[in-house]
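Going down the list, the protein sequences come from chains R and G.
Number 144 in the numbering used here belongs to position 141 of the first sequence; there are no gaps in the numbering.
Number 44 in the numbering used here belongs to position 37 of the second sequence; there are no gaps in the numbering.
I should point out that these hints are in silico values taken from the structure, not numbers from a laboratory.
Incorrect hints may have been included.
[Unchecked claim] With beta-carbon atoms standing in for the labels, derived distance ranges: (1) G:221 <-> R:110: 36 to 46 Å; (2) R:88 <-> G:267: 22 to 32 Å; (3) G:21 <-> R:10: 25 to 35 Å; (4) G:19 <-> R:109: 39 to 49 Å.
[As the list claims (entries may be wrong)] Stretch by stretch, here's where chain R covers chain G in the computed footprint (C-beta under 8 Å, at least three residues): (5) 233-243; (6) 292-299; (7) 307-318.
[Unchecked claim] Chain G residues, not near chain R, derived (Cβ > 10 Å throughout): (8) 146; (9) 168; (10) 182; (11) 190; (12) 248; (13) 253; (14) 302; (15) 303; (16) 346.
Glycine included, each C-beta is placed from N, C-alpha and C at the ideal position.
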Amino acid sequence: MRYRVKSPHVISETVGGETIIVNLASGHYFNLQGAAVDIWTALERGDASTNIVADLERRFVAGDGEIRVAVEKLLAELAEAELVEPDGEDGAGASVPTAPAAAERTPFVAPSLTAYTDMQDIILLDPVHEVDPRGWPHASASA
Amino acid sequence: MPLQAPEAAGPSLDEWLDGISDGFEAAAGAAEVHELPLRVAERPVRILFAGRPLREELGRAVEHLAARGDAAPELTVHAWDSDRVAPPPLPEAEPGTPRGAILYSSDGRRSVAYQVGLGQLSAYDRQRGRAWFWCRSSRALPFWEPSAPFRQILHWWLGEHGLLLLHGAAVGREDGGLLLVGRGGSGKSTCALVSLAAGLLYAGDDYLAVAPGAEPRVHGLYCSGKLEPGHSKLLRHLPAPGFEGDAAADEKSIFYLGDGFRPQLSHGFPLRAIVAPVVRGGAPRLERLGPAQALAALAPSTLLQLVPARQETLSAMAALLERVPAYRLEVGGPVEALPAALERILEEIRA
């Protein structure tokens with residue numbers, strides 16, 4: 004399965020080895036740590052999930068199937084949080100991993116996703132409706 | 008959330024802005040126009056109010072930025088209400104649209120945002136350096152509006168000049184200060200307002216402009232401060248509130264610091280650190296904060312309040328955090344101890 008980040012309503016930035024994601028539609032924001040940062044970066048690149056697993060397995064030391072299970076679990080959490088959505092099957096457009104050689108592999112740090120909902124009141128009170136640049140009352144094509 | 012298109016065809020954005028502009032001209036013909044020249048983030052800005060009541064309501068928080076007005080304005084804001092004239096062309100929200108919904112449209116050059124429940128319209132034409140703010144009535148503004156007027160317009164305009172409109176407070180000295188960030192209730196207003204008693208400069212407690220370049224700088228926008236009514240009783244140095252909030256109605260009291268603190272109202276200072284207060288209780292406790300945690304304290308409360316919120320804005324905030332250190336400050340004990348804690352941060356950075 005391939006997933007796409009639900010931009011432009013989902014924006015993110017990686018600083019200090021962690022990723023902060025803001026869902027502008029729900030008002031929730033998120034912190035990614037460990038391998039979740041690598042997985043998110045790969046999703047932004049458009050990598051398919053099988054490629055993400057293969058790339059991480061080349062780069063990190065982990066138990067049998069551990070990385071695949073961790074990636075699938077995180078993808079399900081990201082989809083549940085409406086940060087990503089399915090975008091077709093694996094296959095065309097898969098990126099070529101540029102991982103280091105196996106000898107340079109480091110221990111796998113399980114992906115971590117923490118959700119914060121303390122700001123959602125702002126969105127519940129003040130939801131934003133973006134409409135067509137031609138002005139009202141034309142509805143946005145994405146609406 | 009989608010906006011359902013009404014069946015009737017409407018005007019183009021061009022025609023619509025013309026209608027908005029005509030709305031101001033009609034108001035200007037029906038009431039005396041009051042001009043307020045300002046210097047905002049070191050740039051000349053002019054506000055034209057149609058009618059004295061609106062001038063009195065919305066001018067107070069920016070009085071400290073008043074300038075001579077001999078420079079050609081880079082931005083002219085036209086402000087009026089419909090106490091005497093018909094409203095400008097407004098979009099009709101679908102039934103069931105939340106009261107606080109913001110209807111937003113932009114083609115990159117022109118932007119319009121309409122707050123449905125509040126009945127407030129902000130519009131901006133980048134090429135012409137003109138903006139418009141309309142409200143239903145100067146007598147029916149929400150209590151917070153006069154404390155930070157025109158912030159949507161400033162968000163658009165400041166962005167054109169590479170500045171960020173941030174949700175936060177700022178205090179400091181001429182040679183450098185602190186940006187206090189966090190969601191409402193985190194203690195940033197209390198930290199900022201109690202610092203006035205210790206002689207620190209004050210650049211605002213709710214919204215600020217920040218130049219995030221190689222030498223980041225805070226620019227003060229508003230000389231107001233907001234506090235929960237109970238907290239304001241702890242800060243006896245403050246002037247009488249311009250608006251006395253009712254805690255039972257979730258209102259805050261609004262203070263205008265031109266009354267008594269004008270020498271401490273700062274147009275800006277270099278930004279030395281970002282501080283995220285957290286209410287915990289006990290004596291103030293300080294620790295370094297990682298950039299991701301600082302970004303989580305800074306970004307959502309800003310991004311979720313203004314339109315458009317864009318990836319570039321978040322990236323600019325992240326870049327800012329690479330240039331200045333961030334701290335977490337536990338507060339909640341005696342408020343008198345807070346200024347010394349903030350000064351300690353500034354001293355640590357100087358050392």
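Verification of the hints:
no. : hint                        : in the structure
1   : G:221 <-> R:110: 36 to 46 Å : holds, 38 Å
2   : R:88 <-> G:267: 22 to 32 Å  : violated, 55 Å
3   : G:21 <-> R:10: 25 to 35 Å   : holds, 28 Å
4   : G:19 <-> R:109: 39 to 49 Å  : violated, 57 Å
5   : 233-243                     : violated (count 0)
6   : 292-299                     : holds (count 3)
7   : 307-318                     : holds (count 10)
8   : 146                         : holds, 23 Å
9   : 168                         : holds, 22 Å
10  : 182                         : holds, 27 Å
11  : 190                         : violated, 6 Å
12  : 248                         : holds, 24 Å
13  : 253                         : holds, 19 Å
14  : 302                         : violated, 5 Å
15  : 303                         : violated, 5 Å
16  : 346                         : holds, 27 Å
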